[in-house]
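Asks: In order, the protein sequence lines correspond to chains A and B.
Sequential numbering from 4 applies to the first sequence in this note's numbering.
Sequential numbering from 6 applies to the second sequence in this note's numbering.
Read the hints as simulated data drawn from the structure, not as lab findings.
All values reported here derive from a predicted model rather than from experimental measurement.
Just so you know, even glycine gets a beta-carbon here, dropped at the ideal spot from N, CA and C.
Not one of these hints is a red herring.
Straight-line C-alpha distance at most 20 angstroms; calculated SDA-like pairs for lysine to any residue: (1) K277/A x R293/A; (2) K221/B x G218/A; (3) K221/B x V149/A.
Restraint-style ranges between C-beta atoms, simulated for each label pair: (4) K221/B x R145/A: 16 to 22 angstroms; (5) R145/A x R166/B: 28 to 34 angstroms; (6) E147/A x P674/B: 53 to 59 angstroms; (7) N172/A x D685/B: 58 to 64 angstroms; (8) A651/B x H54/A: 54 to 60 angstroms; (9) K221/B x K162/A: 35 to 41 angstroms; (10) S163/B x K269/A: 30 to 36 angstroms; (11) C170/B x H54/A: 32 to 38 angstroms; (12) N172/A x Y821/B: 52 to 58 angstroms; (13) R145/A x T774/B: 44 to 50 angstroms.
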Amino acid sequence: MRTLTLATCCTAVALLLACGKADVKAPEIPFAPHGSSYAEKPDFAQLEYQHPLSVEDLYKITPKNLSKLDQELVDQIYARLSAGPIPDGPYEGDLFFPHGESGKLRLSEIAGGGLKGLLVNVAGKKLDLIGEILWKGKVFFRNERVLRNRIEDLSILKKAGLIKEEPDNPLNKIEVDGDDQWLLFPAKLYCGQSLLDSRRESIIIDYAFTDEIPGYHEMPDKMAGRDGFAVRDEIRMIRPGLYLGRAYIDRAFVVNFVLYNEEHDKAGKAAFMKTGAVQEDCWSGTQQRRTIVAKAG
Amino acid sequence: MKRVLTVTLAMTFAVATAMAVTATTADAPGATPTRSEVSEATRPSQAHAQDVPYFEACAREGLNESECAGRLIWFKATAGNERFHTYVFQQRVGVLIDWFRVLRADERGDRFKAWGAINDPGCCTPGSPNCPAKSLDETYGLDWCPGDEELLKYVGQSGYRDPACDFRDAPLKPEEIHGPVDQRQSACDLKFGTSSGALGIRKFPNPRFDRAAWEKLNGRLGSWEGYNRRIASSTGSGEADRSHLQDGAIEPPFLIGTACGSCHIAFDPLNPPADPAHPKWENIKGLVGNQYTRISEIMVSGMPSNTLEWQMFAHARPGTSDTSAIPTDQINNPGTINALINTAQRPTFDGEQVIKWRKTRSCEGTSDETQCWCEPGRDNKCWKRGLATETVHHILKGGEDSIGDLEAIQRVYFNIGSCSEQCWMNHLSDLRQLDPAQRGFGQTPFNIGQCRRDCPNFRAIEDRLSNIFDFFLSAEGHATDLRAAREKQLRSITTTVNYSEQDLITDLEHEFGAGAVNRGRELFAQTCARCHSSQPDAAGNPNADFMTVSATSGLREDWMGNDKPTPASEVGTFRCRALHSNHMSGHIWAEYGSETLRAQPPDPNIREPGDGGRGHYRNISLLNVWAHAPFMHNNAIGPELCGNPANKANDFYGQRPRYVDGSNIRLLPRDQQPACFQYDPSVSGRFELFKRSMDALLNPAKRIPKVTLLNEDVTMRIGPKLWDGTDREKLLGFQLTIPHEIDGRGVTAGTLGNFQHKEFVVDLVRAKTEPKALAPDLEKRFGAETGKKVLADLKAIVGEVTKPNGLVDALKARPYLVKQVYSACTAEIENEGHRFGEDLSDADKKALTAFLATL
Numbered sequence: 004m005r006t007l008t009l010a011t012c013c014t015a016v017a018l019l020l021a022c023g024k025a026d027v028k029a030p031e032i033p034f035a036p037h038g039s040s041y042a043e044k045p046d047f048a049q050l051e052y053q054h055p056l057s058v059e060d061l062y063k064i065t066p067k068n069l070s071k072l073d074q075e076l077v078d079q080i081y082a083r084l085s086a087g088p089i090p091d092g093p094y095e096g097d098l099f100f101p102h103g104e105s106g107k108l109r110l111s112e113i114a115g116g117g118l119k120g121l122l123v124n125v126a127g128k129k130l131d132l133i134g135e136i137l138w139k140g141k142v143f144f145r146n147e148r149v150l151r152n153r154i155e156d157l158s159i160l161k162k163a164g165l166i167k168e169e170p171d172n173p174l175n176k177i178e179v180d181g182d183d184q185w186l187l188f189p190a191k192l193y194c195g196q197s198l199l200d201s202r203r204e205s206i207i208i209d210y211a212f213t214d215e216i217p218g219y220h221e222m223p224d225k226m227a228g229r230d231g232f233a234v235r236d237e238i239r240m241i242r243p244g245l246y247l248g249r250a251y252i253d254r255a256f257v258v259n260f261v262l263y264n265e266e267h268d269k270a271g272k273a274a275f276m277k278t279g280a281v282q283e284d285c286w287s288g289t290q291q292r293r294t295i296v297a298k299a300g
Numbered sequence: 006m007k008r009v010l011t012v013t014l015a016m017t018f019a020v021a022t023a024m025a026v027t028a029t030t031a032d033a034p035g036a037t038p039t040r041s042e043v044s045e046a047t048r049p050s051q052a053h054a055q056d057v058p059y060f061e062a063c064a065r066e067g068l069n070e071s072e073c074a075g076r077l078i079w080f081k082a083t084a085g086n087e088r089f090h091t092y093v094f095q096q097r098v099g100v101l102i103d104w105f106r107v108l109r110a111d112e113r114g115d116r117f118k119a120w121g122a123i124n125d126p127g128c129c130t131p132g133s134p135n136c137p138a139k140s141l142d143e144t145y146g147l148d149w150c151p152g153d154e155e156l157l158k159y160v161g162q163s164g165y166r167d168p169a170c171d172f173r174d175a176p177l178k179p180e181e182i183h184g185p186v187d188q189r190q191s192a193c194d195l196k197f198g199t200s201s202g203a204l205g206i207r208k209f210p211n212p213r214f215d216r217a218a219w220e221k222l223n224g225r226l227g228s229w230e231g232y233n234r235r236i237a238s239s240t241g242s243g244e245a246d247r248s249h250l251q252d253g254a255i256e257p258p259f260l261i262g263t264a265c266g267s268c269h270i271a272f273d274p275l276n277p278p279a280d281p282a283h284p285k286w287e288n289i290k291g292l293v294g295n296q297y298t299r300i301s302e303i304m305v306s307g308m309p310s311n312t313l314e315w316q317m318f319a320h321a322r323p324g325t326s327d328t329s330a331i332p333t334d335q336i337n338n339p340g341t342i343n344a345l346i347n348t349a350q351r352p353t354f355d356g357e358q359v360i361k362w363r364k365t366r367s368c369e370g371t372s373d374e375t376q377c378w379c380e381p382g383r384d385n386k387c388w389k390r391g392l393a394t395e396t397v398h399h400i401l402k403g404g405e406d407s408i409g410d411l412e413a414i415q416r417v418y419f420n421i422g423s424c425s426e427q428c429w430m431n432h433l434s435d436l437r438q439l440d441p442a443q444r445g446f447g448q449t450p451f452n453i454g455q456c457r458r459d460c461p462n463f464r465a466i467e468d469r470l471s472n473i474f475d476f477f478l479s480a481e482g483h484a485t486d487l488r489a490a491r492e493k494q495l496r497s498i499t500t501t502v503n504y505s506e507q508d509l510i511t512d513l514e515h516e517f518g519a520g521a522v523n524r525g526r527e528l529f530a531q532t533c534a535r536c537h538s539s540q541p542d543a544a545g546n547p548n549a550d551f552m553t554v555s556a557t558s559g560l561r562e563d564w565m566g567n568d569k570p571t572p573a574s575e576v577g578t579f580r581c582r583a584l585h586s587n588h589m590s591g592h593i594w595a596e597y598g599s600e601t602l603r604a605q606p607p608d609p610n611i612r613e614p615g616d617g618g619r620g621h622y623r624n625i626s627l628l629n630v631w632a633h634a635p636f637m638h639n640n641a642i643g644p645e646l647c648g649n650p651a652n653k654a655n656d657f658y659g660q661r662p663r664y665v666d667g668s669n670i671r672l673l674p675r676d677q678q679p680a681c682f683q684y685d686p687s688v689s690g691r692f693e694l695f696k697r698s699m700d701a702l703l704n705p706a707k708r709i710p711k712v713t714l715l716n717e718d719v720t721m722r723i724g725p726k727l728w729d730g731t732d733r734e735k736l737l738g739f740q741l742t743i744p745h746e747i748d749g750r751g752v753t754a755g756t757l758g759n760f761q762h763k764e765f766v767v768d769l770v771r772a773k774t775e776p777k778a779l780a781p782d783l784e785k786r787f788g789a790e791t792g793k794k795v796l797a798d799l800k801a802i803v804g805e806v807t808k809p810n811g812l813v814d815a816l817k818a819r820p821y822l823v824k825q826v827y828s829a830c831t832a833e834i835e836n837e838g839h840r841f842g843e844d845l846s847d848a849d850k851k852a853l854t855a856f857l858a859t860l
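Full structure from sequences and hints, please.
Replies: Set out below in structure tokens:
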């Protein structure tokens, strides 16, 4: 069994640290007006041109206050972000439900999109279980272009019969704050198309060919792969250390999530406040991204 | 062997100036330049070796600088769509192109027969005599083409300087509003790359390519075996095979782009190649339209045949393309690639109401950038948007592109993928978005002003649209009459021989009967000229002259079509194309349709909606009809064309015959299927195809019905699949399988593409959540009786969908929902209609055929 020791700076506590007073209400940043139908949503190119986000705006966003926004406003934030650098190291994560939605972890229902109410209980439990695992803690192996998910408690999966121990291929384990965490659900990392906003690439976390990644375990990893739920996530950087993500199952959007690394947040703040610029690993498009640098650097 | 030459060659432009070209070249087949005297005054340019045959063609055709510049752009400029064809289409749209399958050098000799793609005469198969590349590993399995001596160095590296950067612009025109200083966008943004080996398909080095990863996946550099190998789904259940083509983590060696020429470059009817697989440059023309291209199959070449995408795209006949397949309007409607000939004589329409951007020098007085915008960093390079009365052409099958010639050309670049990420992907309908509240549920309008601002490739093309249009008007776009074709044939034997109009008539009358041509002219005037003549007084005029030459253009005065809209029901041909909706208000190409177009009343005699100006076909030109059979907008009247490639995996006609039993729409047995007509671009081959197509046209009773059928069951997933990982890997998703037969009757491929699944799903949800509100809505849309029946069935289905295969079974029991109620077009027979002339005597039919051969 391979054991990795990671920096312990990023724990669930860290995600909470990223939050504070600003979490009580939605971030006060500019948005374009919108209606309820698809045809009444602002075009992203015009949105960004007319309502650019400043660096100060980006620092008003916390993992928690995003959930005070409705989905359209979350989308308007995502579209005004760029991919930034492909992350490296451990990140805390959590999925969140936008304002106005149930907040219950029932992906089996959410996954239906417009089919809400028609699909409940269809393969639901397994999907809900996946939801509890996949969009939590992650470890990025930037140089290998691989991501693995950190699972704190294997017992849930074991109870559901989803862990198949293989003596010749033991589960990968790391130690976080003295506790064991298991690395499951490996995914490929690359720059690719956003399924929401085509104007620039996102960082893609793709489970389709999970079976080709070293350390793959058929069960449970296959559940996220191409013959399973076909999970594909995309993320863009809000600011150093904080990423906003969108999760898709079989190309249908299911849930938002955030990824946070406190150390990266702190380390990158001063420079980002000054310039509003970071290393862009992915194609950043040809529309000029208008990020207004904060007055007080 | 690579070598560098400095070459000068004569360029006898029509303006009689000679200019010098300094070329860097290699001794590739077909690219041997010549040396001649040049004028010092016009010696400025550096031309890539790959451009040399293009300049020679300009000289051969007598093109001036603007026309020649336009030609080069038409043949080579991708305007940045290499990202579309490598990343966007695959990842965002979810459709896989197997470029290696299409472009592999070891099947170069089979490429035309399989894909209808025209081989670039300048390219060669690595390892063949005189080819600079000696092994497939050097070129990653594709052809070696001029310019690759530089390009191949940058596979896996950044820093490639696109050959378009050396494009030599034609001088600005004196009337250029944004002049006199040249403020055109950098030519680099035209993005030429080098040829892929097939004309119009271009390649670019992929800086992200990882050589080691590629070798690991494929075994060697020259193979794509691991990349495109089919991987069976482990779930069974009829799931489609996968491949690494869908794996965005694998970067191929090249990004592949397409120029307009990918569909429009064709063999010259006047000078066809001796061997279509190995044409010479002089056999190539840019405006005829490739009658053999299987561009639709190319676009889905990486998809298994039991996928929705394959069945939706790969049903177009050779020479046709569904230009609304990517910006989908969910109406299956492949149409021919028009011959862009004698454009100077093409009818225009006065007094049309057009909202568009027009060049201006200042936006003084307005701060609204959505109405007036000046390009930053330029002087007085501004555009202003507004409504004005204009004289315009009607372009596309229904005349949908109707705000101006230049804008119609501009829109072609979006059809081929340019500026997709910056400007239009976000406006498309996402087939998997079922929530009307979310983006992607339906189309939203492309915004020309935004695209101009945000996409440099848009500006690079826009600043040179007049050159492309000049190319349309050039000698290369002149009609290619049968007389001239036969004369050229004869001159290949005896150089001094003449073949006059009278010689042609004599030969035609020998074949079709004495006096046939003149009798045919009379018949044409009586029965055809009301649509197929641009002379206002030709219809019914027994003395109408269709041969008069314009003193202004030197072309036949009559364009042989009036371009006016005719209701689809009047023509009676397959109507799905007439229902095309992308130019309607609120739809993707709304800004390219005029207000006049959209105000056109619907055809009252068709059952599908005809709002927004839909429901009509433009009366096309019959110029050179001898060379452009088979007929109709879908190439369906006349023999079916086939290439019979050696690689039977690419024998698309063989896999999908079209002739059916009209009583049950089921395929006729193999032994009753009429033989297909093998691609034959020779003069005699075109003429034979014309005659057989005329026979089918004038004898509708003899036509065996043609329908493109589903050739296997196809599963369409509505919403994501939901998989229970422990239940023996069984799929329990919300999906719809459309069987290839229902109740013993064949199901058309169009059934799938035309199924308005979003409307169905929304109604299904409403049947559960608000049935009372839905009831009057359904009755309004479908009529009282049908509306009630639909509601009752939807309510019943709601109770059935949560069972495994519930929806499949529910719809199987109610096929009318898919085939009729929720179908955008219910037409089935593709070669019906246009029965004009069926009552003529056999002699008159021959006479009409003889006359048409003279056009």
